[in-house]
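Asker: As a plain string of letters, each chain reads:
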Amino acid sequence: AQSVTQPDIHITVSEGASLELRCNYSYGATPYLFWYVQSPGQGLQLLLKYFSGDTLVQGIKGFEAEFKRSQSSFNLRKPSVHWSDAAEYFCAVGALDRGSTLGRLYFGRGTQLTVWP
Amino acid sequence: NAGVTQTPKFRVLKTGQSMTLLCAQDMNHEYMYWYRQDPGMGLRLIHYSVGEGTTAKGEVPDGYNVSRLKKQNFLLGLESAAPSQTSVYFCASSYGPYRGSSYEQYFGPGTRLTVT
Numbered sequence: 001a002q003s004v005t006q007p008d009i010h011i012t013v014s015e016g017a018s019l020e021l022r023c024n025y026s027y028g029a030t031p032y033l034f035w036y037v038q039s040p041g042q043g044l045q046l047l048l049k050y051f052s053g054d055t056l057v058q059g060i061k062g063f064e065a066e067f068k069r070s071q072s073s074f075n076l077r078k079p080s081v082h083w084s085d086a087a088e089y090f091c092a093v094g095a096l097d098r099g100s101t102l103g104r105l106y107f108g109r110g111t112q113l114t115v116w117p
Numbered sequence: 001n002a003g004v005t006q007t008p009k010f011r012v013l014k015t016g017q018s019m020t021l022l023c024a025q026d027m028n029h030e031y032m033y034w035y036r037q038d039p040g041m042g043l044r045l046i047h048y049s050v051g052e053g054t055t056a057k058g059e060v061p062d063g064y065n066v067s068r069l070k071k072q073n074f075l076l077g078l079e080s081a082a083p084s085q086t087s088v089y090f091c092a093s094s095y096g097p098y099r100g101s102s103y104e105q106y107f108g109p110g111t112r113l114t115v116t
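As you go down the protein sequences, you meet chains A and B in turn. Per this note's numbering, residue 1 is the first one in the first sequence, and the count goes up by one each step. Per this note's numbering, residue 1 is the first one in the second sequence, and the count goes up by one each step.
Hint data in this document are derived by calculation from the structure and do not stem from the laboratory. Don't take each hint at face value.
[Stated by the list, open to error] Straight-line Cα separation of at most 30 Å, DSS-like style, residue types lysine-lysine; simulated pairs:
hint: 1; chain 1: B; residue 1: K57; chain 2: A; residue 2: K49
hint: 2; chain 1: B; residue 1: K70; chain 2: B; residue 2: K57
hint: 3; chain 1: A; residue 1: K49; chain 2: B; residue 2: K9
hint: 4; chain 1: B; residue 1: K71; chain 2: B; residue 2: K57
hint: 5; chain 1: B; residue 1: K9; chain 2: A; residue 2: K61
hint: 6; chain 1: B; residue 1: K14; chain 2: B; residue 2: K57
hint: 7; chain 1: A; residue 1: K49; chain 2: A; residue 2: K61
hint: 8; chain 1: B; residue 1: K9; chain 2: B; residue 2: K70
hint: 9; chain 1: B; residue 1: K71; chain 2: B; residue 2: K9
hint: 10; chain 1: A; residue 1: K49; chain 2: B; residue 2: K14
hint: 11; chain 1: B; residue 1: K9; chain 2: B; residue 2: K57
hint: 12; chain 1: A; residue 1: K49; chain 2: A; residue 2: K68
[Stated by the list, open to error] Short derived list, chain A residues pointing at chain B, Cβ under 7 Å:
hint: 13; residue: G59
hint: 14; residue: K61
hint: 15; residue: G62
The C-beta atom is built at its ideal place from N, Cα and C for all residues, glycine as well.
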């Protein structure tokens with residue numbers, strides 16, 4: 001069954017430091033992978049996505065993620081974090097719903113990012 | 001383009017009361033979804049719709065009903081609210097049924113519901 005694991009519930013980094021948020025997925029076929037960000041009191045905004053091709057994908061706000069099939073991972077990175085990056089980050093895998101042809105997202109439980117000034 | 005909008009933004013209900021949450025999208029998307037978000041649980045799919053007049057159950061459908069009478073609107077109903085339904089509810093929509101595109105979802109700002 002498809003699932004997404006975000007091992008870190010909460011991460012704290014200093015402003016200007018580099019960031020890596022981990023995501024592991026379980027899915028039998030080629031996955032569609034996403035990272036979403038949720039600022040306090042807001043909905044989810046798409047940061048980046050991987051469908052196929054180059055395994056290093058660039059997103060908005062200076063984020064990037066690398067798909068590693070051998071490790072079933074899709075980690076999110078940013079070289080220098082800004083205070084405005086403080087938010088909750090969700091990794092998701094797109095997969096067919098069981099017994100149907102519907103494509104849907106399966107979300108991880110999220111990683112809360114705190115940025116120290 | 002407003003994208004995905006949700007009404008209301010906040011609501012407090014007493015146990016046993018009913019209410020309807022409205023989601024509207026102006027992107028001509030085929031697919032629409034209702035999720036609930038609880039601390040530490042991520043987003044869980046309640047119901048979804050693959051087109052006007054069609055709906056289906058997600059992971060946590062009990063206690064909820066939905067309707068999609070118009071392509072741009074997706075309603076979530078609580079017939080008899082319970083404290084366990086206290087949550088933040090998000091609506092989303094996506095293109096579909098094209099390969100890959102149905103997964104890229106656009107989210108509304110959420111409705112915070114408290115059931116006392």
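Asker: Now tell me, hint by hint, if it's right for this structure.
Answerer: Status of each hint after checking the structure:
no.	hint	in the structure
1	K57/B - K49/A	holds, 26 Å
2	K70/B - K57/B	holds, 19 Å
3	K49/A - K9/B	holds, 28 Å
4	K71/B - K57/B	holds, 18 Å
5	K9/B - K61/A	holds, 27 Å
6	K14/B - K57/B	holds, 25 Å
7	K49/A - K61/A	holds, 14 Å
8	K9/B - K70/B	holds, 21 Å
9	K71/B - K9/B	holds, 22 Å
10	K49/A - K14/B	violated, 40 Å
11	K9/B - K57/B	holds, 24 Å
12	K49/A - K68/A	holds, 14 Å
13	G59	violated, 13 Å
14	K61	violated, 17 Å
15	G62	violated, 20 Å
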